[in-house]
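2 protein chains.
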Amino acid sequence: MQDVVSDLIIRNDKRIVLLVMDGVGGLPQEKGGKTELETANTPNLDALAVEGECGLHLPIGFGITPGSAPGHLALFGYQPTDYPIGRGVVAALGIAFPIQSGDVAVRVNFATRDEEGRITDRRAGRIPTEKCAELCELLSAVTIPGVEIFIKPVKDYRAVVVFRGQGLSDHVADTDPQATGVKPHDPKATSANGKKTAEVAGQFIRQALELLKDRHPTNAVLVRGFAELPHIPSMEERFGLDPVVLAVYPDYKGVSRLVGMDVVEDLQGLDAQAAALRENWDRYTFFFVHHKYTDSRGEDGDFKAKVAEIEKVDSFVPRILDLKPDVLLVTGDHSTPAVMRAHSAHPVPFLLHARNLRPDAAAEFGERSCAAGLWGVIPGFMLMRLALSAAEKLAKFGA
Amino acid sequence: MQDVVSDLIIRNDKRIVLLVMDGVGGLPQEKGGKTELETANTPNLDALAVEGECGLHLPIGFGITPGSAPGHLALFGYQPTDYPIGRGVVAALGIAFPIQSGDVAVRVNFATRDEEGRITDRRAGRIPTEKCAELCELLSAVTIPGVEIFIKPVKDYRAVVVFRGQGLSDHVADTDPQATGVKPHDPKATSANGKKTAEVAGQFIRQALELLKDRHPTNAVLVRGFAELPHIPSMEERFGLDPVVLAVYPDYKGVSRLVGMDVVEDLQGLDAQAAALRENWDRYTFFFVHHKYTDSRGEDGDFKAKVAEIEKVDSFVPRILDLKPDVLLVTGDHSTPAVMRAHSAHPVPFLLHARNLRPDAAAEFGERSCAAGLWGVIPGFMLMRLALSAAEKLAKFGA
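Chains A and B, in that order, give the protein sequences.
In terms of my numbering, the first sequence opens at residue 1388 and continues consecutively.
In terms of my numbering, the second sequence opens at residue 1388 and continues consecutively.
Misleading hints may appear alongside valid ones.
Intra- or inter-copy, both count: the list cannot distinguish identical chains.
[Claimed, not checked] Cross-link-like lysine-lysine pairs, in silico, DSBU-like; alpha carbons within 30 Å at most: (1) K1699 with K1418; (2) K1421 with K1401; (3) K1418 with K1711; (4) K1421 with K1783.
By construction, these hints were calculated from the structure, which means they are not laboratory data.
From just these sequences and the hints, can you work out the full model?
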């Protein structure tokens, strides 16, 4: 199906705005109650829902709880299961490391070994992140000719190392033995392509062990999840869009870069995002505006604060409408119900606003209202097609 | 997608109950009326529908009327079109023959031939089942060295033969010429693997013809649909579940065995099923409870009696809830509207009850109410994903 869409792409200057309230989908606090979105006072979004087409989307699929990166890939028009993002890349994106095509990113765990080199603790007593940062600083002394090495702390005992150079590949097996009392594996190539990277990883580990030898309990490293950037066709290539991301948090800039978006840096919140939207309005045809704090307050378990974040975004909506976008799509990358304090698999409400839409029964922007909307429950990556179509960017199929 | 789910499986001790009212979906008796399920007084199911998530499912696909075996495969989480069950195996499962891996099951039709061996009636005058049983008894005298042979009546002129032995295969073509006035084909191997079985089938037919030679009009046999058990990954393997079936009828135990369920034998009805559920509660994580008579009364065309069966199941529901299952899924394997006296392709109502579900508009358990529920019309095999997710048995996809 995807190729069908690529063949129909019409490049025009109509503008699509994708407004994402991260983790917006929710649940009632008590039986019979309303969700966060249903509770929030959202006159602007409600008006758009009445005029527009509504529904719910599944970012990955039935029953699957989305991570942030695949949840966003879906919103950018890509079926996430077609583009698995390896563990090392996830780690690098998660700390906003500017990973490039050809880089190989690998998760590093600081660990403890005994005098024979056997692993006694795969997590080095779960050291704090500050300690991890200090050790990464130490390991930045590792040098390998022809290869740039970046080692950065992630969280607790976890770090990420990125190798940059010619001829690298992620075809290398983990060294983590997944058990204690045994020695780590040597990094082994899983195909001929992986040979050079396996050697590079071997050198990295040997130098790291030397640097860490007096640092019990953090006197070992285990590496796992060798990963290259997935080869995702850009949004320009696939959808004929000139896309830009207006986000505060590095993770979302990272996943946007994966699909070839330009990035506006140093945006501190909705005011800055509104200003950047206006400033860049003539330069792009697709604007991804991301609001993180709906998700953050959901993860905190703070129902009221999540409601307040939704209301902040509602107040921001007129500043988008002032620019008269041809298409406005408002949704989330997944649900983060405050009562669950976590991402969840529940379908995510969306509204599509443009000219020439089919009226439906959705009377406001909320989970139940969207369930009564035109579209029912649809795959997340199909939203891009609806947006492209509403922006007259898809030609007729057949005569 | 299926592999994605397998990669996300979390094994925990949360318990899922799948309560199947066979053929529960229905139609009104007269225009403007209610369906069987809508007519039934079901306070317990209605309460669950209000609290839970509702929808309709298509066991096989749009417009496809499900047989019992594929209808249940869908409920067990398998897309039935990925696991075709050959005609011989369907026949063997249908009479609850305990077919084993490696067996080859074949449909047998008693037929009539003339003195030259040409088929004059492919159905031997549609003899009654009792006559068929008597002929199967006669044919049980067939012996082939190294092969166990089981021949059992199915219905009317139809029987099934199961060959058990080393090196058998279903790569053998039908002998039924699908026409009269011609001789049956010899059983021919369709690949090298089928050679031994073709010879076995040839011997079986020759001995059968000898035993039947004075039995006009049932003096011939035609065989078709050579089939082995399909290789279906078990529910343990695919979903990390420890499953058990609590069913009265052999067919449902048969299809459950196909996906590796344990079977509790000698259950005579809902009381025994409730007791068995309680007794086995600590031993399993997935319980399939099957009620046959909703379908039977539908096939009888007895609307009122089907309503009464639904009400019996409703009264049984509190005995499940007493055990506090983490997830309860109530549905059917297909529709059997009494007005049609047969399975039908109509979507089947379902309700999912668990913690942390999205409230929806379903105000009772019925076809129209479920159509207004959260999920709309979804593929049947996706219900397992919703149940696994609600039981916290699926990890997040990506970071």
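Hints, one by one, checked against the model:
With identical chains, the CA atoms of K1699 and K1418 are at most 30 Å apart both within one copy (26 Å) and between copies (28 Å). Only between protomers do K1421 and K1401 lie at most 30 Å apart by alpha-carbon distance; the minimum there is 27 Å, versus 36 Å within a single protomer. In this assembly of identical chains, the alpha carbons of K1418 and K1711 lie at most 30 Å apart only when taken from different copies (18 Å versus 40 Å within one copy). Proximity of K1421 and K1783 under a CA criterion of 30 Å is satisfied inter-copy only: 25 Å between copies versus 41 Å inside one chain copy.
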